[in-house]
Amino acid sequence: MKRFFEVAVVIIIALASYFAGSFYKWLFSLMAIYALITISWNFMKTIGRLSMGHALLFGLPAYVSAIAYQYSFELSLYLYPLTVVLSGILFFIFSKITGRTAFVFLTLIASITLWVLAPKIVVEKDGTLIGGEVGFDFFNASSDHIFFLSLISLVVIYVLASWILSSRFGYFMRAVGDDETASKAVGINVDRVKFTAIVCSSIFSGIAGLLYALDFGHVSYEVFSVEISIFPFVASLLSGGSPFLSVISSFFLVFLKRSLNSIYPGLMDVFYALVLVFSPKIGGLVYVKGKKLIEKL
Amino acid sequence: MAISFLYNFFILSVMALTISLNFRLSKFLNLSLAGFFAAGSYIAYFYPNPIIALLLGALFGFGLSLIVIKLCKTIVEATISSLGFGLLIERTLYFIHRSSYYYILKYDMSWLSIPATLVVFTAIVLLYLSKIGLKLKFVESDIELAEIYGVDTTIVRCMTIVLTSATVTFFGFVYASLLAITPTVGFGYLISGIIVSAFAAQLRFNGIHHYVSVVALSFVLTRIFGVIL
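One line per chain: the protein sequences are H and D, in this order. Residue numbers 1 to 297, in the numbering used here, belong to the letters of the first sequence in order. Residue numbers 298 to 526, in the numbering used here, belong to the letters of the second sequence in order.
Hints were generated in silico from the structure; no laboratory data involved. The structure displayed is predicted, hence computed values, not measured ones. Beta carbons are placed, not taken as given, at the ideal position from N, Cα and C, and that holds for glycine. Hints may contain errors.
[Claimed, not checked] If the Cβ cut is set under 8 Å, some of the chain D residues that face chain H in the computed set are: (1) Glu374; (2) Ser378; (3) Leu384; (4) Arg520.
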């Protein structure tokens with residue numbers, strides 16, 4: 001019943017955006033894409049891994065597909081799922097070779113490295129160099145298609161993630177998140193749980209990246225930006241740890257970004273930075289107050 | 298070519314040293330250094346006075362140290378706060394100076410990097426060979442135990458952040474004439490410095506030996522890759 005209510009709220013927001021005009025329809029698509037990143041991030045957080053480099057999972061499949069798209073559509077189709085899985089495997093390797101704290105650093109550094117390196121990537125097509133800071137053209141879907149695709153993806157992935165988290169496997173994920181050694185002791189295959197959770201998270205983020213590329217018809221190095229990496233952290237921080245509220249806070253953040261940036265370009269980034277600086281205080285405050293509020297409701 | 302190699306080696310080693318110092322003494326990965334470097338470059342363009350770069354770097358470093366020491370309880374919290382602080386500097390620069398790139402064509406301050414790097418190397422060596430060096434090694438190996446034995450760890454952490462911030466801002470100032478100045482100009486150096494610092498940490502040296510290994514690795518990596526990022 002609770003899940004039904006949550007999905008209904010998302011659909012009502014979607015319908016309101018659809019009928020409000022083409023700008024709001026497009027804005028909802030973007031909100032849904034960013035909400036997908038947050039769902040993916042929360043999913044990985046359940047196994048106790050806080051990723052600060054989700055831009056890699058989000059951007060890499062789309063970026064590689066866009067490069068391949070310059071040569072052939074088929075190659076792009078093959079490389080996309082392959083890169084989604086490989087990105088997931090990369091994060092799994094990170095989780096194997098590092099502890100929880102070092103995982104935060106390694107994922108962030110990996111995504112910033114891509115962000116710095118990507119503008120230097122150029123390929124030759126028909127004797128012309130393309131890529132670099134400009135990026136690569138990609139297949140562009142119509143706004144109606146993107147709207148419905150992002151809405152369906154959001155609803156399906158949200159329900160699927162909630163279902164997994166409340167299943168037996170979800171309890172294993174929570175157990176691994178709480179204490180890996182104790183989970184091993186009670187017979188949970190920790191590596192299998194971590195691998196499955198990270199690859200699922202990679203798939204969710206990869207879908208968001210693909211929708212983003214289809215929406216803009218273009219992929220540049222900005223898909224690896226720090227802003228995308230920190231977005232799910234900020235959204236989750238402002239929602240006090242509730243999965244549904246983190247989707248709503250993602251909507252709110254995207255809406256706020258459009259509003260603030262229309263006042264002065266770059267204003268939203270200053271807001272993000274301030275939230276990060278004071279995140280230790282904000283996190284505690286929102287989490288405690290939010291939990292009390294949710295308990296009251 | 299040789300000059301270019303030296304410049305790359307100097308900036309890489311200074312960046313790696315400041316990252317190592319912050320991680321070992323202040324106990325967090327200081328991701329704001331990219332912002333400090335960018336701030337130094339902008340100061341070079343708009344107010345070409347190295348004293349301003351040093352003072353502003355120290356002042357903002359003090360602000361960062363207050364946030365890290367007062368608000369953050371864990372290494373992850375401090376690292377995320379420092380990332381936010383760096384982004385705040387970077388975004389503010391973008392916010393104020395909307396132009397994408399700035400170039401300094403009238404003068405060249407890059408020669409200052411040679412004496413400045415030597416001063417940084419010498420200062421670290423002298424610091425670790427002095428009486429304070431013992432306290433620093435104590436803080437490096439176990440900060441809680443160091444505090445129990447009477448080392449003022451708050452001062453050590455605060456001074457590390459202030460001095461490294463000022464140093465990186467100064468190097469941003471010095472290198473500005475060699476670079477296209479943008480708010481994100483420091484990120485490549487930051488990442489390269491983290492890579493060198495992480496490699497050096499694997500050697501498991503303590504005290505001055507660690508910093509010597511950082512400089513040696515910076516030299517080797519610059520020789521192999523040139524500018525890494």
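Structure versus earlier hints, numbers of those that do not hold, lowest first: 4
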